[in-house]
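Construct all of the structure, not just a fragment, from the sequences and the given hints.
Sequence lines, in order, name chains A and B.
Those letters in the first sequence? Residues 295 to 787, by this note's numbering.
Those letters in the second sequence? Residues 295 to 787, by this note's numbering.
In case anyone wonders, no lab produced these hints; they're calculated from the structure.
All of these numbers come straight from a predicted model, not from anything done at the bench.
Among the clues, some could well be false.
Copies of the same chain look alike in the list, so a pair counts if it works inside one copy or between any two.
[To be verified] The calculated lysine-lysine pairs, modelled on DSS-like cross-linking and capped at a C-alpha distance of 25 Å, are: (1) Lys626 / Lys321; (2) Lys307 / Lys711; (3) Lys474 / Lys300; (4) Lys614 / Lys474; (5) Lys464 / Lys548; (6) Lys602 / Lys321; (7) Lys569 / Lys303.
2 protein chains.
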Amino acid sequence: MRDEKKQQKEALKEEMLRLGNLQRECKEEKIPVYITFDGYDGAGKGVQIGRLMQALDPRGFDVYTGDKDTEEEALRPFLWRFAVHAPADGRITIYDTSWYRRVQADRFEGKLNEKKADAAFEDICAFERCLVDGGTVLIKFFLDISEKEQEKRFKKLLESKDTAWRVTEKELARNAHYGKYKKLSDEMIRRTDTPYAPWYVIDAKEKSGTALMVIKTVADVLEKALEKKRAGKEAEIFEKPVPPDRYEKGILAKADLTKRLEEAEYRKKLDKLQKRLEVLHGELYRLRIPVILGFEGWDAAGKGGAIKRLTSHLDPRGYKVCPTASPNDVEKSHHYLWRFWNHVPKAGHIAIFDRTWYGRVMVERIEGFCSEEDWHHAYREINEMEAHFVHSGALVLKFWLQIDKDEQERRFNDRMKNPEKRWKITDEDWRNREKWDAYVLAVNEMLEKTSTKDAPWIVVEGNSKWYARIKVLETVADAMEKKIKEVEKNRKR
Amino acid sequence: MRDEKKQQKEALKEEMLRLGNLQRECKEEKIPVYITFDGYDGAGKGVQIGRLMQALDPRGFDVYTGDKDTEEEALRPFLWRFAVHAPADGRITIYDTSWYRRVQADRFEGKLNEKKADAAFEDICAFERCLVDGGTVLIKFFLDISEKEQEKRFKKLLESKDTAWRVTEKELARNAHYGKYKKLSDEMIRRTDTPYAPWYVIDAKEKSGTALMVIKTVADVLEKALEKKRAGKEAEIFEKPVPPDRYEKGILAKADLTKRLEEAEYRKKLDKLQKRLEVLHGELYRLRIPVILGFEGWDAAGKGGAIKRLTSHLDPRGYKVCPTASPNDVEKSHHYLWRFWNHVPKAGHIAIFDRTWYGRVMVERIEGFCSEEDWHHAYREINEMEAHFVHSGALVLKFWLQIDKDEQERRFNDRMKNPEKRWKITDEDWRNREKWDAYVLAVNEMLEKTSTKDAPWIVVEGNSKWYARIKVLETVADAMEKKIKEVEKNRKR
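Okay, here's the thing in structure tokens:
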């Protein structure tokens, strides 16, 4: 028996050394690693994470706890904090209690009904696939102990006043209903054990043995990921779908760009709409409804002007304009959706994106900043991310500001002539213009593939700025009103 | 009268255009701009910020509200969020209710006694000087309205149910005691109206006139800042102080590097200390005491090893190791202390910095990464930042791990020979070694100028790793124990 212990200790030491080396190699290969710990209360997540940390270079990882929400977190979609804390290239994120709390402890406590639980499972699977397809190595641990073992551990903690405070009422309740809790946990594992994100269920009865298993598993997975990365993308070549003809003469061609509005009418409507939006903004705040508005469109199509009119009467403490430029180096070292997750608004607030995550299927596609496979995946990933926002109660709208090529040229020339506006126009704008046809194809495909019931695209006929602005403001106000009514109706029930 | 209104409108339009242009120039010149709005309740901060935003390019600014704390903020020093949200080069941060809440509304509500108020004033002045010396343009607005005007505005808001919810109980209380509140506000302005950060007190009775004043003031200040920046650093040449001889034979020379510890004793003490630290960590958490530990020292002096032993038994959810490498581009575009502010621990948590903000007066000084003036300023700036942490209840300790030049060479060679450790040593380490004497001077000056009563430096004799680790752990444990007793004593009173 003592020999066995000694052997185990030796093995652990070896695995720790091995893991330390693999961590350095993953850093060199810029592989992001996400490690989560869930399981039964008292199974020793904290202890195991502590052991794991001892094997790692502290300069390369961050540890977070997901067992309760801060105010900032409680006001956002439940995956938000996990997306924001996702590891950069070459780094490791360790989560003590992950997104699975949602479909385990929260569900046990009755915080979500069956419909919401289904949505949560869908969102989790989509989130994990999106991470893994983006190159993140995801390692999910479930630490397993029996009802009896759990009871024993709680008893021991409760015996001393130095440790008794660690056992919460909630944990005792979960122990008292271990059977029910186990059923939920089993279902959770069953529904989320996927080829791209398998579960590692570990018997956590004996601390040292568990530590060896955990550390060895992490090392094994990293070794495999390194091999794969070094071998280059696998032989399985991405078969790109044949684009249907309809993308050439697609949604954009149907926009009636002769639509106009005269100044007098514009001023009258604008004034009314801005006042209406001011009131609606207050109601959204009181009902804690988050709003996400995305703006895309040709250069000089009038995004900035529309946003300015939209926000002019809003309380500045309740909205934020999030401009999207080319990513900085911190953003580049993360998943392409990461920088947008960072701007997900709190419940009751409005986030307005001036250019959006759709850059992936437009500029990145056309300029070759990502692979064909990457942008083909993006349609689904984006739809799923937006669905998650909607599941969390958000109003999501996306505007495409459409002008024709002549109108763009007129506006470019206008800007060149006007010293107050010249800064708005760059050589790049002229270069982009040369790719007009490629953009038409990409935009048509995007509009078709990502206009969903809950997060629709609105094509705005933009040759007349006055018309376009009113259409944007009206659409936003109507959608807000509808959402408010819906939420109020559901509350009354 | 109508003519006057029209004239004002024209003037406002002009000033908005001027400000828009100046914003772009500040972006080009990489000037960070911090604009704060304080004043009396109902003075229209929100409205004025809204107007200001309309004049600005939304891609260049962020707006925050400081009127209440999130949980994350409440658990940190009161300047934390304002330091973290400080603008990057070329960007603008706008705060609706700034750090002055602390010495205005909070003080009014009796949240801080006179001693704490004095400390807060000191911290605020230090913080502002630090920002301004670092190149930030700081514009502080105080919107002034009379007691009567305030009452009138509240009444109007209370009349409609769409706006009544905006008036809080607290605001009504402050109106009821306008005189007392005014006295505090006047004192606040008096004590913080400095040449480097003057107040702009604006009569806010009339909205449009106020908007014109605010926008014109911002434009004027930016114009002046641009002129100054373009003229290059002023003629006033920085007179560097003559370094006293004692820095050559300073504190470092006094370290007795023959101090040793044998393995058996080391193991015994280590085991005891780690268990003691585990218990103390729990108490710190319960008493909500934040702990900040900084580690500096020669390459290969054993910082990593000491940190590893220090943390091995701590609950991983309650501490964080923050390694400091060369700054990335986001960090480079901020004040040099910004990246450290980002890691200030929550109350009850421990932040361990593996290399620290003292890089400013060591590597940055020696390699010329900042000007002479910059690093001379840094001693005071750092002392004041640490004082602020201490004022907020933190335990702050800084360790210098000292070895001699021969010992370093031995360890470098050891690392080169050992394939498991070779990654730890780089060409840069050898290059730094050549600058040993310059570092001795810099370190001696640093130790002398920044070892304060509340945030002392501890020189650790490090030739014997075992001795050094025990000294670190013992010092930390003793300091924690002392702090805990102090806090418990103060609570009982």
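25 Å Cα threshold - placement of lysine 321 relative to lysine 602 = Between. Shortest inter-copy distance 20 Å satisfies the 25 Å Cα cut-off; intra-copy 43 Å does not.
At most 25 Å between C-alpha atoms: does lysine 464 with lysine 548 qualify within a copy, between copies, both, or neither?
-> neither (57 Å within a copy, 55 Å between copies)
Measure nothing new, just compare the shortest in-copy and cross-copy C-alpha distances for lysine 474 and lysine 300 to 25 Å and report within, between, both or neither.
-> For lysine 474 and lysine 300, the Cα distance exceeds 25 Å both inside one copy (39 Å) and across copies (72 Å).
Within, between, both or neither, where lysine 614 and lysine 474 count as close if Cα-Cα is 25 Å or less | Cα proximity of lysine 614 and lysine 474: none, with 43 Å in one copy and 36 Å across.
Copy assignment of lysine 626 with lysine 321, given that the CA separation must stay at most 25 Å | Both: 15 Å inside a chain and 22 Å across chains, each within 25 Å.
From the Cα coordinates, with 25 Å as the cut-off, is the pair lysine 569 and lysine 303 best called within, between, both, or neither?
-> between (71 Å within a copy, 20 Å between copies)
Should lysine 307 paired with lysine 711 be assigned to within, between, both, or neither, using CA atoms and 25 Å as the limit?
-> between (71 Å within a copy, 21 Å between copies)
Hint check: violations occur at hints 3, 4 and 5; the rest are consistent with the structure.
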